[in-house]
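Visitor: Chains as they are written, first to last, in numbering that gives the first Met the number 0: chain Z, 0 to 224; chain U, 0 to 104.
Be careful, since some hints might not be right.
To be verified - Result set (DSS-like, lysine-lysine): computed pairs, CA atoms no more than 27 Å apart in a straight line:
1. U:K63 - Z:K58
2. U:K59 - U:K101
3. Z:K62 - U:K103
4. U:K17 - Z:K58
5. Z:K8 - Z:K130
6. U:K103 - U:K63
7. U:K17 - U:K52
8. U:K59 - U:K103
9. U:K17 - U:K103
10. U:K63 - Z:K51
11. Z:K85 - Z:K130
12. Z:K62 - Z:K51
13. U:K59 - Z:K51
14. Z:K85 - Z:K8
15. U:K52 - Z:K51
16. Z:K130 - Z:K192
17. U:K101 - Z:K58
18. U:K17 - U:K101
19. U:K59 - Z:K62
20. Z:K8 - Z:K192
21. U:K52 - U:K101
22. Z:K58 - U:K103
23. U:K63 - Z:K62
24. Z:K58 - U:K59
25. Z:K8 - Z:K21
26. Z:K62 - U:K52
27. U:K63 - U:K101
28. Z:K51 - U:K103
29. Z:K51 - U:K101
30. U:K52 - Z:K58
31. Z:K62 - Z:K21
Unchecked claim - Computed footprint of chain U on chain Z, listed as stretches where at least three residues anywhere in the stretch have a Cβ under 8 Å from a Cβ of chain U:
32. 106 to 119
33. 148 to 158
As the list claims (entries may be wrong) - Distance ranges between label pairs, derived from CB positions:
34. Z:D208 - U:L67: 38 to 48 Å
35. Z:Q55 - U:S50: 19 to 29 Å
36. Z:M0 - U:L58: 13 to 23 Å
37. Z:F37 - U:T94: 44 to 54 Å
38. U:A77 - Z:G175: 40 to 50 Å
39. Z:S33 - U:M79: 36 to 46 Å
Hints were generated in silico from the structure; no laboratory data involved. Even for Gly, the Cβ is constructed at its ideal location relative to N, Cα and C.
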Amino acid sequence: MIVVTGASKGLGRAICERLLSKDMEVLGLARDVSGVPFQAMACDVSSYDDVKTVVQAIKRGGKNLHGLINAAGIASMNLALTTPPKVSQQIVETNLLGTIYCCQLFSQLLIRNRRGSIINFSTIAVALGLKGESIYAASKAGVESFTRAFAREMADFNVNVNCIAPGPINTDLLAGITASQIAKIVSQQVIPKQFTHDAVSDLVELLLDRRSNSLSGQVLHVGGA
Amino acid sequence: MDLGLITFHRLNYMSEPKQYVYETIASLLGNKSAQVSDDTPLIGDGSVLDSMKLVELCLKLEDKAAELGFEFDWTSAAAMSTSRSMFRTADTLATEFLSQMKSKR
Numbered sequence: 000m001i002v003v004t005g006a007s008k009g010l011g012r013a014i015c016e017r018l019l020s021k022d023m024e025v026l027g028l029a030r031d032v033s034g035v036p037f038q039a040m041a042c043d044v045s046s047y048d049d050v051k052t053v054v055q056a057i058k059r060g061g062k063n064l065h066g067l068i069n070a071a072g073i074a075s076m077n078l079a080l081t082t083p084p085k086v087s088q089q090i091v092e093t094n095l096l097g098t099i100y101c102c103q104l105f106s107q108l109l110i111r112n113r114r115g116s117i118i119n120f121s122t123i124a125v126a127l128g129l130k131g132e133s134i135y136a137a138s139k140a141g142v143e144s145f146t147r148a149f150a151r152e153m154a155d156f157n158v159n160v161n162c163i164a165p166g167p168i169n170t171d172l173l174a175g176i177t178a179s180q181i182a183k184i185v186s187q188q189v190i191p192k193q194f195t196h197d198a199v200s201d202l203v204e205l206l207l208d209r210r211s212n213s214l215s216g217q218v219l220h221v222g223g224a
Numbered sequence: 000m001d002l003g004l005i006t007f008h009r010l011n012y013m014s015e016p017k018q019y020v021y022e023t024i025a026s027l028l029g030n031k032s033a034q035v036s037d038d039t040p041l042i043g044d045g046s047v048l049d050s051m052k053l054v055e056l057c058l059k060l061e062d063k064a065a066e067l068g069f070e071f072d073w074t075s076a077a078a079m080s081t082s083r084s085m086f087r088t089a090d091t092l093a094t095e096f097l098s099q100m101k102s103k104r
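Looking at chain Z on its own, in the form it has when it is part of the complex (with noise of 0.2 Å):
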């Protein structure tokens, strides 16, 4: 099984789609899975009772995970000045602090299988140092620093640990940005394209594969940065 964070929309759902079109079994955790049409729990990542109650869940119900995928996140492109504090700390309790709870807590079911993959995501923002997304980028510079030091300590158990840092994709997470501003940060990537869900699923397929189990503590640029 694949436990995917951030399944209700946007890139989790998209990789949910993905995995589930290759008959791969999938569990999506997002805060609200009202109408979401594949197996799916309510899971507040921000939250570590509910993390762990979904561990507890999948232990109690004999399944053997094999990956973790964790697409939840947040953002508000705003300049840090005018952030409201209560704002940075969802920012941070969301991208950064979910990605952790998540990662301590179901690597525990994918150590006991000795073998693993962990995705995590961060984003060209990191890289580019981009305006207006200060406390964005922030957060996921913390998901990029954790994936490379958490990839040392599961190695000894055969779990790999990739983050994935994709540029512009059309997701909700765009909301609010021109498309000039878009063009501007495309011009920056090695590749001077727009990606879409599909680049990103394809890395997903890639990582979940044994053949990538040469690969951990990477973060993978789509498009290049």
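Dock chain U against the given chain Z, drawing on the hints supplied.
Guide: Leaving out everything else, chain U in the frame of chain Z:
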């Protein structure tokens, strides 16, 4: 009421999990009859277990706890502290395991 019998039963009840902790450490060392004493260090200099074996020990204790009807929480802010950690020695770990068993059952 035979207080002596109650005490005897309680000792037996308390010692079985402790014995399990020690036996599990010994088995992780690859030797069922390895000498594990109260002072056997589990972290820091002289530790008999590497971090991987320590996690394996925790997972086994988690399973044992589930069998005994409680949830063993092996996370702690002081987990790697050689002065305060439950993993300081075999005895401190067994003591913590028993303490959680008593408080959570």
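Visitor: Each hint needs a verdict: does it hold in this structure or not?
Guide: So, going through the hints one by one against the coordinates:
1. Between U:K63 and Z:K58 the alpha-carbon distance is near 14 Å, which keeps this suggested pair within the 27 Å criterion.
2. For the suggested pair U:K59 and U:K101, the alpha carbons sit about 18 Å apart, so the restraint of at most 27 Å is met.
3. Between the alpha carbons of Z:K62 and U:K103 the distance comes to roughly 26 Å, so the proposed pair stays at or under 27 Å and holds.
4. Distance check on the hinted pair: U:K17 and Z:K58 sit about 25 Å apart at the alpha-carbon level, within 27 Å; holds.
5. Proposed proximity of Z:K8 and Z:K130 is supported: the alpha carbons are some 26 Å apart, at most 27 Å.
6. For the hint pairing U:K103 with U:K63, the CA-to-CA distance comes to about 14 Å; that is within 27 Å, so the pair holds.
7. Restraint check for U:K17 and U:K52: satisfied, since their Cα atoms lie roughly 18 Å apart, inside the 27 Å limit.
8. Between the alpha carbons of U:K59 and U:K103 the distance comes to roughly 18 Å, so the proposed pair stays at or under 27 Å and holds.
9. As the CA atoms of U:K17 and U:K103 are separated by approximately 17 Å, the hinted pair is consistent with the 27 Å bound.
10. For the proposed pair U:K63 and Z:K51, the alpha carbon gap of about 19 Å is at most 27 Å, so the pair holds.
11. Between Z:K85 and Z:K130 the CA atoms are separated by roughly 20 Å; this keeps the pair inside 27 Å, and the hint holds.
12. Straight-line distance between C-alpha atoms of Z:K62 and Z:K51 comes to about 15 Å, which keeps the hinted pair within the 27 Å bound.
13. The hinted pair formed by U:K59 and Z:K51 meets the criterion: a straight-line CA distance of about 18 Å does not exceed 27 Å.
14. About 23 Å separates the Cα atoms of Z:K85 and Z:K8, which keeps this hinted pair within 27 Å; it holds.
15. Restraint check for U:K52 and Z:K51: satisfied, since their Cα atoms lie roughly 23 Å apart, inside the 27 Å limit.
16. This hinted pair checks out: Z:K130 and Z:K192 have alpha carbons roughly 20 Å apart, not beyond 27 Å.
17. For the hint pairing U:K101 with Z:K58, the CA-to-CA distance comes to about 24 Å; that is within 27 Å, so the pair holds.
18. Restraint check for U:K17 and U:K101: the C-alpha separation of about 13 Å stays at or below 27 Å, so the hint holds.
19. For a cut-off of 27 Å, the pair hint linking U:K59 to Z:K62 stands: about 18 Å separates their Cα positions.
20. For the given pair, Z:K8 sits about 23 Å from Z:K192 by alpha-carbon distance, which is consistent with the 27 Å threshold.
21. For a cut-off of 27 Å, the pair hint linking U:K52 to U:K101 stands: about 26 Å separates their Cα positions.
22. In summary, the hint linking Z:K58 to U:K103 is supported, as the alpha carbons are separated by about 20 Å, within the 27 Å threshold.
23. Distance check on the hinted pair: U:K63 and Z:K62 sit about 19 Å apart at the alpha-carbon level, within 27 Å; holds.
24. As the CA atoms of Z:K58 and U:K59 are separated by approximately 14 Å, the hinted pair is consistent with the 27 Å bound.
25. Our distance criterion of 27 Å between C-alpha atoms is met by Z:K8 and Z:K21, whose separation comes to about 19 Å.
26. Restraint check for Z:K62 and U:K52: the C-alpha separation of about 24 Å stays at or below 27 Å, so the hint holds.
27. For the suggested pair U:K63 and U:K101, the alpha carbons sit about 14 Å apart, so the restraint of at most 27 Å is met.
28. For the given pair, Z:K51 sits about 17 Å from U:K103 by alpha-carbon distance, which is consistent with the 27 Å threshold.
29. Taking the CA atoms of Z:K51 and U:K101, the gap is about 22 Å. The hint holds against a cut of 27 Å.
30. For the suggested pair U:K52 and Z:K58, the alpha carbons sit about 21 Å apart, so the restraint of at most 27 Å is met.
31. Pair hint Z:K62 plus Z:K21 holds up; C-alpha atoms about 19 Å apart against a cutoff of 27 Å.
32. Only residues whose C-beta sits within less than 8 Å of a C-beta in chain U count toward coverage, and the stretch 106 to 119 of chain Z has 3 of them, enough to reach three; the restraint holds.
33. Only when three residues or more bring their CB closer than 8 Å to a CB of chain U does the claim for the stretch 148 to 158 of chain Z stand; here the count is 3, and the claim holds.
34. Take Z:D208 and U:L67: their Cβ atoms lie about 39 Å apart, and the range 38 to 48 Å holds.
35. In this structure, Z:Q55 and U:S50 meet the distance hint of 19 to 29 Å, their C-beta atoms being roughly 24 Å apart.
36. For Z:M0 and U:L58, the hinted distance range of 13 to 23 Å is satisfied, since their beta carbons lie about 19 Å from each other.
37. At roughly 46 Å, the beta-carbon separation of Z:F37 and U:T94 lies within the given 44 to 54 Å, and the hint holds.
38. For U:A77 and Z:G175, the Cβ-Cβ distance of about 44 Å falls inside the hinted range of 40 to 50 Å, so the restraint holds.
39. Checked against the given bound of 36 to 46 Å, the beta carbons of Z:S33 and U:M79, roughly 42 Å apart, stay inside it.
Going down the numbered hints, you'll see the structure goes against none, and every one checks out.
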